[in-house]
Amino acid sequence: MAGARWALLALSLAAAAGTGTGTAGERLHVCKESEYHYEYTACDSAGSRWRVAVPHTPGLCTGLPDPVRGTECSFSCRAGEFLDMKAQRCRPCAEGTYSLGTGVRFDEWDEVPHGFASVATSLDSDDGFGDAVENCTGSTWVPLGDYVASNTDECTATLMYAVNLKQSGTVSFEYLYPDSSIVFEFFVQNDQCQATVEESRWMRTTEKGWEFHSVELSRGNNVLFWRTTAFSVWSKVPKPVLVRNIGITGVAFTSECFPCKPGTFASTAGSSSCQPCPADSSSAKGATSCQPCEPGTYAEPGSASCKPRPPCTDKDYFYTHSACDEHGETQLMFKWAEPKVCSEELPQAAKLPPSGGRTRCPPCNPGFAATNGSACQPCPMGSYSNGSGCLSCPAGMEPVLGLEYKWWNVLPPNMETTVLSGINFEYKGIAGWEVAGDYIYTAAGASDNDFMILTLVVPGFSPPSPVLEDTESKEVARITFVFETICTVNCELYFMVGINSHTNTPVETWTGPRGKQSYTYVVEKNASMSFTWAFQRTPYHEEGRRYTSDVAKLYSINVTNVLGGVASFCRRCAPEAEGSCAPCPPGHVMDHGVGACRPCPPGTYLRGHPADGLPACHPCGPGTYSNQLRSLCFNNCSAALPLRGRLLRFEFPSMAAPAALSTGPAFTPRGRRYRHHFRVSLCGPQSHTSTQAHTWPCPCVCCPQGRKAAACSDNVTEARLRVVTGYVCQATLVPPDRPRHQGPISSQPISLGDRILGVTTSSTLDGITSPPELFPLGHPDLPDIIFFYRSNDVTQPCSSGRATAIRLRCDPLLPSPGTLSVPSKCPEGTCDGCTFHFLWVTGEGCPRCSSSHYRPIVSACLGGVQRTTYVWREPRLCRGGRSLPPPTVRPCRSADFWLKVGISAGTGAAALLAALAAYFWKKNQKLEYKYSRLVMNAAAKESELPAPDTCAIMEGEDAEDDLLFATKKSLFGKIKSFTSKRLPDGFDSVPLKTSSGGSAMEL
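Numbering (this note's numbering) for the sequence shown: 1 to 1003.
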């Protein structure tokens, strides 16, 4: 009450001051009702207030009505009413106007409404809502008539609105969020900058046009934030977020009603909203009804004015085929594109071409057959058809169920088509695709930027053999379609997949003209699926139809293993006693020769396309092994690799825990930089089977209970947390701008490696190459161990799926998990978008130590003892395994002992040689004497006496006579002559030569 009294006192003083001024100067006239308005004072602590009259122009008049007690502060009017301040009573709004009661609505976005603020900040900025960085100045929310659009570049754009609520209320709006490449968040803060609706912060992507979102607000000050953070993925520009029809309730009373905007009307009093005008009518601001357009003009729904009809052209009609009649014939027909806005009566206007002649209908699609009527019906269970007639499968064979559409006479019953407006993003009740016999193609829309939608719904799948959880290839089915785009401008064809009627997720996009080609998508979850094709001729809106000839064509669609599907062929199966077929048990394949199941041998695993029949056994890659069910290959967390003639064994017991790596800008204290986040594990993902609680591809020593493989999540765009697991995965992280928020925002998780191909030291495996020059060179004596992985996700640029090569490098000084890095030339981890490269340096990458990794050091013999010590060879390139042997000690002889032994042996040998030399010298002297005597006797005989028969000197005779030798012999020659001619009786024989030159005689 004290506050109200002070307010009344202030108003009385102001009135007195005005009266005084008028008295001193010109006398003021009494205020008229048009010269003042009523306002309420601020509420006091008791919830009371006063109604006072306030002049439009102070000092212009006098005699204002006296203040009176106003309504209670909690008083409010209902929607469609306003508060008459004079009577202080709620009254209904007049025709052509509306009100929200205690709220306001913002539905006109020709410009940013008063009270809103749009701020852009760079991801590199250190100031959350601070000054806008120069390169993001233009990256704000843009008003576009009926809605406001977000930015699409790598900046953070925030749309803010502050409101003071007198009572608890709500904020509601409609939004269109088609692209998860933008992180879209809506949150509310109070005047202490504390979030009040944290659970509603992250918005879900939309699937079927605009979605409604409402959040409760508390009494008092509330600041509303619509924020987007865009980031490029594979160099694609994301679609903007659109917001419209923002309504806020709980504000102060509404003292007036708002007129309906142009193109809308309110025909009754007390309206809470205005209705749009129907087609071919228009209205001005504050209209109570819509006026029909004049002849020769037209208007789209919700138009403010009518436009003259243009002359029809060949862009305004399209062709289609009629359904088959009872004679099995169809007819080519032409139709005007809806809505028809052109005029045929204008000069030079095109006319609708006449229908063509009747032709034979194309055959039924595989699995269907024509009945007595003209319509194609599915073949009964257990039979198959190529389109001409139903046949039963032979014994020992079963039909291969699926759906195959390659003839397009009528739209199949499980397909539907519509058009999504590219202007207001609302669905229209017209067909976007038309059948044309050999293909189905996009018809003409109301505008060239409309989205032509075609959706195929599949209730579920029935794979020929159970898909185990502990397998790397969880293929349940696959969809393959052949398409073509013919474009003169930058058209786009989108392929999207929805699960259990949830949001469609874009899988692939083709831009511009594309030749006839095939695309395959692998289904890994057995659930109700929807496959959607959306074609947009141009993203820019222009009046009329200019690019109707730009079309997308689908020639065929083939879906395998469809639950309740039809069959076009049969395959061998394992017969049961009752004659029916049974699927092969896990780890077995069908032997087509005998029609029985046989187990896959060790070292192989089951792989194959269900459309091609039962899977086959394929060998595991190098360094990998198969599990017992032959459902996958794994590296067993160990490897034995040959290197230069020896076998090195590696074990990675600590590598099951995933290593993390983030690339891109680093986090800043208050900035909002995003970064690509990788998680890598040499152990596969956790799996689950019905018989075991948890099993792992790696043994328990590598992956103990509780370990997790690499997992990346999406906690933004889905109602429930979506997690992608595998050997290698990637997600995009956006750090929180407020410390209170729980952790960073993770979005767009993708798998980079679902199955291991092999472990080897070679740089190439299965078409994947890991160039060694991407990373610094390692040790020449120990090459890197390369783990090759491949993902099951097939994309347009990656027809074989994404691949990953992890180089494991030895560094005994780095404990687990070590360091993970990407190539400096490719900071995002990939140079082509398909193959990712990582270098993992850790002690776990070293081979197990063996005897070749250390060497002995032998010490000198000291005191009769010699020691042998073992040390590692430098640099040490091993870990674990064999330890260094302990030092050994053995007795030994010192050098002095062996020196003495050597001297003694040398002295003895010298003495023996000397004795032998003396002996042989003595013998040589005797021989010389004997020989000289024989020579002399022989000479004397020739001259005087007959030659004696023999001549010898008995042992013991002395030969001391002086001798004259005709020839000299060396010591060696003397010894030889002494030893060569020795008779058995102990005498020496000497050859003598006569002087007459006769033959020699032996003595």
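By construction, these hints were calculated from the structure, which means they are not laboratory data. Any given hint might turn out to be false.
Stated by the list, open to error - Per label pair, the in silico range of CB-to-CB distance:
| no. | residue 1 | residue 2 | range |
| --- | --- | --- | --- |
| 1 | Gly138 | Asp66 | 50 to 60 Å |
| 2 | Gly138 | His779 | 50 to 60 Å |
| 3 | Ser322 | Val482 | 23 to 33 Å |
| 4 | Pro875 | Pro585 | 48 to 58 Å |
| 5 | Lys307 | Tyr427 | 38 to 48 Å |
Stated by the list, open to error - Heads up, simulated DSS-like pairs for lysine-lysine below, C-alpha to C-alpha not over 27 Å straight-line:
| no. | residue 1 | residue 2 |
| --- | --- | --- |
| 6 | Lys351 | Lys285 |
| 7 | Lys553 | Lys516 |
| 8 | Lys516 | Lys406 |
| 9 | Lys406 | Lys525 |
| 10 | Lys335 | Lys307 |
| 11 | Lys315 | Lys285 |
| 12 | Lys428 | Lys285 |
| 13 | Lys340 | Lys428 |
| 14 | Lys307 | Lys406 |
| 15 | Lys922 | Lys900 |
Idealized CB from N, CA, C, for every residue including glycine.
These are the hints, each one checked on the structure:
The hinted window of 50 to 60 Å between Gly138 and Asp66 holds, with their beta carbons roughly 54 Å apart. Remark: the range hint 50 to 60 Å for Gly138 to His779 is upheld by a beta-carbon distance near 52 Å. With their beta carbons about 24 Å apart, Ser322 and Val482 fall inside the hinted range of 23 to 33 Å. Range check, Pro875 to Pro585: Cβ separation about 52 Å, and the 48 to 58 Å hint holds.
Taking 38 to 48 Å as the suggested C-beta distance range, the pair Lys307 and Tyr427 does not conform, at roughly 23 Å. For the hint pairing Lys351 with Lys285, the CA-to-CA distance comes to about 38 Å; that exceeds 27 Å, so the pair is violated. Under the criterion of a C-alpha separation no larger than 27 Å, the hint pairing Lys553 with Lys516 is consistent with the structure, at around 9 Å. Distance hint between Lys516 and Lys406 is fulfilled; the C-alpha atoms sit about 14 Å from each other, no more than 27 Å.
Of the supplied pair hints, the one linking Lys406 and Lys525 holds, its CA atoms being roughly 25 Å apart against a limit of 27 Å. The suggested pairing of Lys335 with Lys307 holds, with an alpha-carbon distance near 23 Å, which does not exceed 27 Å. A distance of roughly 35 Å separates the Cα atoms of Lys315 and Lys285; the hinted pair therefore is violated under the 27 Å criterion. In summary, the hint linking Lys428 to Lys285 is supported, as the alpha carbons are separated by about 26 Å, within the 27 Å threshold.
With a C-alpha separation of about 13 Å, the suggested pairing of Lys340 with Lys428 holds against the 27 Å cut-off. Annotation: proposed proximity of Lys307 to Lys406 is violated, straight-line Cα distance about 43 Å (limit 27 Å). Only pairs whose Cα atoms come within 27 Å are accepted, and Lys922 paired with Lys900 is rejected, the gap being roughly 34 Å.
Going down the numbered hints, you'll see the structure goes against 5, 6, 11, 14, 15, while the others check out.
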